[in-house]
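> Fit chain B to the given chain A structure using the hints.
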Amino acid sequence: MLRHAAERIALALPVLLGVVLVGFLLMQVVPTDPAIVRAGPNATIDIVEAIRRDLGLDQPLHVQFGLYMWRLVQGDLGVSIINNVPVSQELGATIGPTLELMFAALIWSIPLGIGMGTLSAYLRGSWLDRLIMAISVGGVSVPVFFVGLLLIWFVGFQWQWLPFTGRQGPLWTLQGLRGVALPAITLGGVFIGPVARMTRTAVLEVLSADHVRTARAKGLTETAVVLHHALRNALIPVVTLIGLQIGFLLGGAVVTETVFSWPGVGRLAVGAITSSDFPMAQGTIIVLSGGFIIVNLIVDLLYGVLDPRVRGA
Amino acid sequence: MSLLQVENLRTVFDTRQGAVVAVDGVDLSLAAGRTLAVVGESGCGKSALALSLMRLLAHPGRVAGGRVLLEDEDLLALSPAKMRARRGSRVAMVFQEPMTSLNPVHTVGAQIMEAMRAHDRSLSKSDLRDAAISALARVRIPSPERRFDDHPHRLSGGMRQRVMIAMALACQPRLLIADEPTTALDVTVQAQILDLLRDIQAETGMGLLLITHDLGVVAETADEVAVMYAGRVVERASATDLFADPQHPYTIGLLGSIPRMDLETPRLPTIEGSVPPPFAWPPGCRFAPRCAFADAACEVAPPPLAMLAPGHEVACIYAPVDA
Numbered sequence: 001m002l003r004h005a006a007e008r009i010a011l012a013l014p015v016l017l018g019v020v021l022v023g024f025l026l027m028q029v030v031p032t033d034p035a036i037v038r039a040g041p042n043a044t045i046d047i048v049e050a051i052r053r054d055l056g057l058d059q060p061l062h063v064q065f066g067l068y069m070w071r072l073v074q075g076d077l078g079v080s081i082i083n084n085v086p087v088s089q090e091l092g093a094t095i096g097p098t099l100e101l102m103f104a105a106l107i108w109s110i111p112l113g114i115g116m117g118t119l120s121a122y123l124r125g126s127w128l129d130r131l132i133m134a135i136s137v138g139g140v141s142v143p144v145f146f147v148g149l150l151l152i153w154f155v156g157f158q159w160q161w162l163p164f165t166g167r168q169g170p171l172w173t174l175q176g177l178r179g180v181a182l183p184a185i186t187l188g189g190v191f192i193g194p195v196a197r198m199t200r201t202a203v204l205e206v207l208s209a210d211h212v213r214t215a216r217a218k219g220l221t222e223t224a225v226v227l228h229h230a231l232r233n234a235l236i237p238v239v240t241l242i243g244l245q246i247g248f249l250l251g252g253a254v255v256t257e258t259v260f261s262w263p264g265v266g267r268l269a270v271g272a273i274t275s276s277d278f279p280m281a282q283g284t285i286i287v288l289s290g291g292f293i294i295v296n297l298i299v300d301l302l303y304g305v306l307d308p309r310v311r312g313a
Numbered sequence: 001m002s003l004l005q006v007e008n009l010r011t012v013f014d015t016r017q018g019a020v021v022a023v024d025g026v027d028l029s030l031a032a033g034r035t036l037a038v039v040g041e042s043g044c045g046k047s048a049l050a051l052s053l054m055r056l057l058a059h060p061g062r063v064a065g066g067r068v069l070l071e072d073e074d075l076l077a078l079s080p081a082k083m084r085a086r087r088g089s090r091v092a093m094v095f096q097e098p099m100t101s102l103n104p105v106h107t108v109g110a111q112i113m114e115a116m117r118a119h120d121r122s123l124s125k126s127d128l129r130d131a132a133i134s135a136l137a138r139v140r141i142p143s144p145e146r147r148f149d150d151h152p153h154r155l156s157g158g159m160r161q162r163v164m165i166a167m168a169l170a171c172q173p174r175l176l177i178a179d180e181p182t183t184a185l186d187v188t189v190q191a192q193i194l195d196l197l198r199d200i201q202a203e204t205g206m207g208l209l210l211i212t213h214d215l216g217v218v219a220e221t222a223d224e225v226a227v228m229y230a231g232r233v234v235e236r237a238s239a240t241d242l243f244a245d246p247q248h249p250y251t252i253g254l255l256g257s258i259p260r261m262d263l264e265t266p267r268l269p270t271i272e273g274s275v276p277p278p279f280a281w282p283p284g285c286r287f288a289p290r291c292a293f294a295d296a297a298c299e300v301a302p303p304p305l306a307m308l309a310p311g312h313e314v315a316c317i318y319a320p321v322d323a
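So the protein lines, in turn, are chains A and B.
Per UniProt numbering, residue 1 is the first one in the first sequence, and the count goes up by one each step.
Per UniProt numbering, residue 1 is the first one in the second sequence, and the count goes up by one each step.
Hints were generated in silico from the structure; no laboratory data involved.
These figures come from a predicted structure and were not determined experimentally.
All residues carry an ideal CB built from backbone N, CA and C; glycine is no exception.
Incorrect hints may have been included.
Residues from chain A shown here face chain B by an in silico Cβ test under 8 Å; the list is partial [stated by the list, open to error]:
#, residue
1, D210
2, R232
3, T274
DEER-style ranges, computed between Cβ atoms [claimed, not checked]:
#, chain 1, residue 1, chain 2, residue 2, range
4, B, P80, A, F145, 47 to 53 Å
5, B, A202, A, R309, 33 to 39 Å
6, A, L21, B, K125, 50 to 56 Å
If we strip away everything but chain A, and leave its shape as in the complex, we get (with noise of 0.2 Å):
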């Protein structure tokens, strides 16, 4: 199990080294020079120049990359090329409030999602069945913006149930349990779809499976049999689906927490990449993917605790 661990850990960092690359070179691509966003509209020559010197971007490619590289892991991300604060303290700041939505957008939606495939696939061709899978097909086409702004519309504004600007608070009060609601059902909601389609289906194939069949010949209830043998078993494809679904609700999570004005990463990244802030794009996509890379280090852990089959190999 910890050789698994340590196999996977080491799988992941050239990975991130990768992510980091592909990051760096999208920069070189943007037809913007981070130079003239830096001197400001109505800077000379001479000052762009001395700016292009002071920031290294004189340098060949090759050289630039190294000296990002050396700066990276010594945890130096740079400074914003828009307002001089150092990217490590920005992201800081909003990683936390990023973390918080992701938590409490997952905490409900997985359960409910998993709940409902169950509930789809035990009672499959009923009424039930069909409106679950209707209503998770409507979850997967509509995108989170609209959810958000349906939300905003009437759940904030016209009927003003709830806050729809920004952080109330920590997650633990009611004012930030409040602040947290909307944004958190619009992320959770998109999720919901995707979850409960595979779980349905996951849960239907073991269901037709040879032990399914031992487990009713012994006796146990049906309730025992969907939830003990045939969730239990589905859990494994189902975990990792999540685990790169995750990838996709970054994505929602950018797009949340720009409608929310949520203060976490995703809007950070939007703001950097709308401002050319270079250095600041490139640390909000080393933290996004790097995030990604841990959900699904998480994932291939959590395969090994589900299905046996993988612990003794």
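Same frame as chain A, but now just chain B:
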């Protein structure tokens, strides 16, 4: 009194083309402590028969008629909840595929304990554990305390089948249905498993309904034999009578297809053709198209089982044949 009495059992599969009959009016009877083997080729309906008795047929299969009396209680008339309570406790089943019939994510011990707990909620955790370990010991699994915590993938096919048997017997059922229990195992393990079943039967007096295509297995274990062909029983006899004096041409053909060491035959005899699928069953005797003795009279109606001698019944209008 017989332990199991099956009367006129009919099982059909609902398809778009209509109901396809898999088991067509089967009668069986089995006394406590005895072994009844149901023999036939693939597709003759023997597995559908076994699952019908357990009421475990998967959709679109269903039992369309008949009675299954287990100690005078009609299993087919029970409510689903009552039938569930009978499964495992009164009638248990062992399946063909030991590799896939155990849940890979639960330990062997947990799966056996689950079978016991399903029928007796009062047992404590440690009672269950002890009972499960002795169930493993009873099927002669070495160091059962250690195997208790193993997952199925750590065990060989033979060991898994032993676990399946331990699980089936955990609640001392009166009837054990074993559907090709040794088919997936190699020959030496086969013999061990059959020995085991026989010993447990002698100990507990349970009835054993053995579904198999293997006449070697029948000869080794069965007291009574029912030969099935295309959804119907074509011959019923004691194992001794059946092997000594087979009467139905299909039975004769089956016995003729066993390789023999004592005869010099250039080619192993076979029965020409294959079992017709249910939708292509002929109107008369279903074996007629493959039968060397068949004539026009055989194509009128399926012949009913007729008694030739006490305990020996044959569904052939030309029986008895002179040997």
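> For each hint, tell me whether it holds in the structure or not.
Right, here's what the structure says about each hint:
1. Because the beta carbon of A:D210 sits about 4 Å from the nearest beta carbon in chain B, less than 8 Å, this interface hint is met.
2. Because the beta carbon of A:R232 sits about 6 Å from the nearest beta carbon in chain B, less than 8 Å, this interface hint is met.
3. For A:T274, the interface hint is violated, since its Cβ never comes within 8 Å of a Cβ in chain B; the closest pair sits about 48 Å apart.
4. At about 48 Å, the CB distance of B:P80 to A:F145 agrees with the hint of 47 to 53 Å.
5. A C-beta distance of roughly 37 Å is found between B:A202 and A:R309, which places it inside the suggested range of 33 to 39 Å.
6. Evaluation of the 50 to 56 Å hint for A:L21 and B:K125 yields a pass: the beta carbon distance comes to about 55 Å.
The structure fails hint 3 only (numbered hints given earlier).
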